[in-house]
Amino acid sequence: MTTATLLQLCILIPAAGALFIAASHRLPNLREGVTILTASSLLAVVMALFQRPDALTLPPLVLATPLPGIDFELQLEPLGLLFAGVASLLWLITSLYTIGYMRANGEEHQTRLYICFAIALASTMGIALAGNLLTLFLFYELLTLSTYPLVTHKGDHDAVTGGRFYLGILISTSVGLLLPAIIWTWHVAGTTSFRPGGILEWTMEPTAVTILLLLYAFGIGKAALMPIHRWLPEAMVAPTPVSALLHAVAVVKAGVFTMVKVVLYIFGPNLLRETGSHYPLLIIASITILCASMIALQQDNLKRRLAYSTISQLAYITLAVAILAPLSIPAAAIHIAAHAFGKITLFFAAGAIYTAAHKTKVSELDGIGKRMPWTMTAFAIGSLSMIGLPPAAGFISKWYLLQGALSAQLWPVAGVILLSTLLNAGYLIPIVYVAFFRKEAHPPHHEHGEAPFIMVLALSTTAALTLVMFFWPEPVLHLATQLTVSQK
Amino acid sequence: MIHLPHLAHLAIWQVLFPLLAAPLCLLLRSGRLAWLIATLASWASLAVSVLLLRTINCNGPLTYNLGGWPAPWGITYHVDALSAFVLLIVSAMAALVMPYAAKSVSREIDVENHRLFYALLLICQAGLLGIVVTGDAFNMYVFLELSSLSSYALIALGKRRRALTAAFQYLVMGTIGATFILIGIGLLYSLTGTLNIQDLAVRIALIPTSAVGHRTLITAFAFLTVGFSLKLALFPLHLWLPNAYTYAPSVVTTFLAATATKVAVYMLLRFSFSILGSRFVFEQLTLGKIMLLPSLAAIIIASLVAIFQYDIKRMLAYSSIAQIGYMTLGISLNSHTGLMAGILHMFNHALMKGALFMVMGAVSYRVGSVYLNDFRGLGRRMPWTMAAFVIGGLSLMGVPLTAGFISKWFLIEAALETGWWSITAVILLGSLLAVIYIWRVVETAYFNPLQEIEDDEHTEAPASLLIPLWILIGANIYFGIDTSVPVDMASWAASALLEGTMR
Chain A
1 MTTATLLQLC ILIPAAGALF IAASHRLPNL REGVTILTAS SLLAVVMALF
51 QRPDALTLPP LVLATPLPGI DFELQLEPLG LLFAGVASLL WLITSLYTIG
101 YMRANGEEHQ TRLYICFAIA LASTMGIALA GNLLTLFLFY ELLTLSTYPL
151 VTHKGDHDAV TGGRFYLGIL ISTSVGLLLP AIIWTWHVAG TTSFRPGGIL
201 EWTMEPTAVT ILLLLYAFGI GKAALMPIHR WLPEAMVAPT PVSALLHAVA
251 VVKAGVFTMV KVVLYIFGPN LLRETGSHYP LLIIASITIL CASMIALQQD
301 NLKRRLAYST ISQLAYITLA VAILAPLSIP AAAIHIAAHA FGKITLFFAA
351 GAIYTAAHKT KVSELDGIGK RMPWTMTAFA IGSLSMIGLP PAAGFISKWY
401 LLQGALSAQL WPVAGVILLS TLLNAGYLIP IVYVAFFRKE AHPPHHEHGE
451 APFIMVLALS TTAALTLVMF FWPEPVLHLA TQLTVSQK
Chain B
489 MIHLPHLAHL AIWQVLFPLL AAPLCLLLRS GRLAWLIATL ASWASLAVSV
539 LLLRTINCNG PLTYNLGGWP APWGITYHVD ALSAFVLLIV SAMAALVMPY
589 AAKSVSREID VENHRLFYAL LLICQAGLLG IVVTGDAFNM YVFLELSSLS
639 SYALIALGKR RRALTAAFQY LVMGTIGATF ILIGIGLLYS LTGTLNIQDL
689 AVRIALIPTS AVGHRTLITA FAFLTVGFSL KLALFPLHLW LPNAYTYAPS
739 VVTTFLAATA TKVAVYMLLR FSFSILGSRF VFEQLTLGKI MLLPSLAAII
789 IASLVAIFQY DIKRMLAYSS IAQIGYMTLG ISLNSHTGLM AGILHMFNHA
839 LMKGALFMVM GAVSYRVGSV YLNDFRGLGR RMPWTMAAFV IGGLSLMGVP
889 LTAGFISKWF LIEAALETGW WSITAVILLG SLLAVIYIWR VVETAYFNPL
939 QEIEDDEHTE APASLLIPLW ILIGANIYFG IDTSVPVDMA SWAASALLEG
989 TMR
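Line order of the protein sequences matches chains A and B.
When the first sequence is numbered by this note's numbering, its final residue is 488 and no position is left out of the sequence of numbers.
When the second sequence is numbered by this note's numbering, its final residue is 991 and no position is left out of the sequence of numbers.
Because the hints were derived from the structure by calculation, they are not lab data.
Beta carbons are placed, not taken as given, at the ideal position from N, Cα and C, and that holds for glycine.
Be a bit skeptical, because a hint or two may be false.
To be verified - Quick list of simulated restraints, FRET-style, between CB atoms:
{"id": "1", "chain 1": "A", "residue 1": "Asn105", "chain 2": "B", "residue 2": "Val538", "range": "54 to 60 Å"}
{"id": "2", "chain 1": "A", "residue 1": "Pro59", "chain 2": "B", "residue 2": "Cys546", "range": "34 to 40 Å"}
{"id": "3", "chain 1": "A", "residue 1": "Gly106", "chain 2": "B", "residue 2": "Pro871", "range": "20 to 26 Å"}
{"id": "4", "chain 1": "A", "residue 1": "Thr111", "chain 2": "B", "residue 2": "Cys546", "range": "49 to 55 Å"}
{"id": "5", "chain 1": "A", "residue 1": "Glu205", "chain 2": "B", "residue 2": "Glu987", "range": "32 to 38 Å"}
{"id": "6", "chain 1": "A", "residue 1": "Pro412", "chain 2": "B", "residue 2": "Gly907", "range": "36 to 42 Å"}
{"id": "7", "chain 1": "A", "residue 1": "Pro412", "chain 2": "B", "residue 2": "Asp970", "range": "49 to 55 Å"}
What the hints assert, rightly or not - From the derived model, a few chain A residues whose C-beta atoms are all more than 12 Å from chain B:
{"id": "8", "residue": "Gly163"}
{"id": "9", "residue": "Leu167"}
{"id": "10", "residue": "Glu274"}
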């Protein structure tokens, strides 16, 4: 099989999976089997891409030419490969978890959920492999639309309101800001292809560069920079597996991934450094990191607390790339993977708690660590990674990030990173503390232990991955450092 | 191998098929047979317009002298890139609407009126095709009256009594518009002594700006512009449109929304570019600036009004006014890209509005009316119909992979070329407002609890409604991916218009 075929398969497999899931809606076991099979074959294809030496040097693969001069095209580069790898690996694990969660909670419309999940993954793969901005925009919008039914899954008033926020903010920013930014880019550069070092001309006025960068920063609503972040907490009305994979990994990472691609491959670090346009982005990201963490401190609803934590962690990635230092750019890539493993573990744990104990609030978690030791241990490992402490993956990205900030001599930014580390600890450590070291206030309504085995298996696996990535970071580091090399 | 003389007859057959079939429908007793004749005539006319398109693609513009009388004396028919494109839009919509009509009409119109209905629809189609195909200004007016009069009657056939007032309102406004156009043509004739479009263009170009006749020319231009603006429902001359679209039978709304206003836009283009000349119209009389503000106002105000409508057909009618604003906006930008975007949007808008109004027809077929409340639970009960609404709506918003996105892209590009950011902002705002009014319906259809169902009849619409609908939906997606045909045609038509030649 040629590498080009593999690229197409990355999108076709989940898309075809959606069809087969729809076809098997009468037989739940077969349907779940199809989901697992689809996820495994996607992972196999992406892993095969990792092995191909020519994967990163392939010319763009043109799918269609909708507009004269602009194609729908796929092209692989290190960051896209990393993102595709993380998303496909975690989809497989999430599929197992979802089966446990949906069955234990007796949710309705399960077929619809699995179909939308598969389409969302196909869109995510499309974003990861997109060869130019137009292709990326296409899959970006598809991802928004395919996740809308997942957010509104419950169909009650809260879900519809949450869905309105979700669709309203994501569509209006992408159509109102991102699309004009893309067309402007095309107008100036005559192309929208991603090229190392950027495609924008040096003739652009510095103010114009800044405005364009801000159009991108706020147009990419999925990156959840403040004040375009409200959709993410609202999206927490979705079932937990959706929050875990999509609103901790696929959707939000698609946002910051686009952000990183735009900075590195559209503007290019040199242009931004010369014009000084990266400073507004640094400031916005820093504010987002601190404000989101402080809001997270006040949230009693566990999933909302995690959502605000996600907003703050996403801003790390934007910050890392905005620093533009050779050490901080890999940090952005590493954090995409590190945060994905850590945060999905935290969400899995939240879902497990909801399934086993029907608890959604932080204040109800006293002593739960004794009843659910595996879940809460995994939660503790995930928390370590969020804070950036060894031996968890978050440490590596934070290390690179801090190094980058110091090498660029951005002392305030280094201060922001340190302060936010304290805040991260402030909203996560108490949860772990009360779970393990405080007595249950009153016995629960019904006796419970761990959540179903398959869910515990999934969350233990992601927690283990967080540790593995700390001790064996080579695959990620290898791709991440290629990002800096290709910029030279 | 067909010889050229035969091919030249294509131009007249384009009009003759529906025009001859119409009286045939009247003579028949049975509505069923009338439908069959109408369908066959519309398909034949589609085949002719496809052949015409291919012919002019190979051989260039086609001129046909009616009865063999050469140009200054006889009436000529003339088909160039723009007219071939609009002919295709009109006849393709007719060919899709006719099969759809069978079931929809049987539910909405009394049996004894069926053959009348098909006869009128065919006359309306013949009129619209005639406007586009003819190369003679007065002949164009005759066809305009033909299509207008038949459409007044078609609207009056709507089953609600308010259809009559709506038709009367349209009749008054439409007649004022047509009269203005007639006065404009009359003034041109008094000035030049000819009605042939190519002749007119040559003689008008010879009139110096200092001549006495120049003021007549300006007066003629004013009458024509107002007349066309009324016919194409340019804001604020749109008042006839919402009622007419709301109360007309579903089939009529679908056909008129997809074709009638486009043909009015065609007339505006033809007179501005091919007769008066773009230099005169845009540089001396600044049509671009005159039309810019109403277009922008249409996009914003009509979209805002659409958000507050509870009758979804009326909502789509207001959306049409906004979309017409996009077309006139493209024209008023006075550049190749802008003109091309406007022409392209005529095609794309026909695809999406045709599909959305067909959804209205299907819902009205099953539920009886199309108020927002009637959509509750339809996502479950009529999955195919509502899925079509969602895709058509996405195209209206301009989501990538749909035809609407392509229009938006070129419009924004044209706006960026002028360097006016505010125009870009208005185009995008229009898209966002479309999200709001489309999503109101989608939320109601998918999230509101099912209505109490007494009879089991409230299920998916019959196949004869769904198939034409889904052909249009498929076209929306297809022309969002492979855009070479419409984009090339629009681009060719735009360059021909800007050169001022009828190529």
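Results of checking the hints against the structure:
{"no.": "1", "hint": "A:Asn105 with B:Val538: 54 to 60 Å", "in the structure": "holds, 56 Å"}
{"no.": "2", "hint": "A:Pro59 with B:Cys546: 34 to 40 Å", "in the structure": "holds, 35 Å"}
{"no.": "3", "hint": "A:Gly106 with B:Pro871: 20 to 26 Å", "in the structure": "holds, 24 Å"}
{"no.": "4", "hint": "A:Thr111 with B:Cys546: 49 to 55 Å", "in the structure": "holds, 51 Å"}
{"no.": "5", "hint": "A:Glu205 with B:Glu987: 32 to 38 Å", "in the structure": "holds, 36 Å"}
{"no.": "6", "hint": "A:Pro412 with B:Gly907: 36 to 42 Å", "in the structure": "holds, 37 Å"}
{"no.": "7", "hint": "A:Pro412 with B:Asp970: 49 to 55 Å", "in the structure": "holds, 51 Å"}
{"no.": "8", "hint": "Gly163", "in the structure": "violated, 8 Å"}
{"no.": "9", "hint": "Leu167", "in the structure": "violated, 7 Å"}
{"no.": "10", "hint": "Glu274", "in the structure": "holds, 25 Å"}
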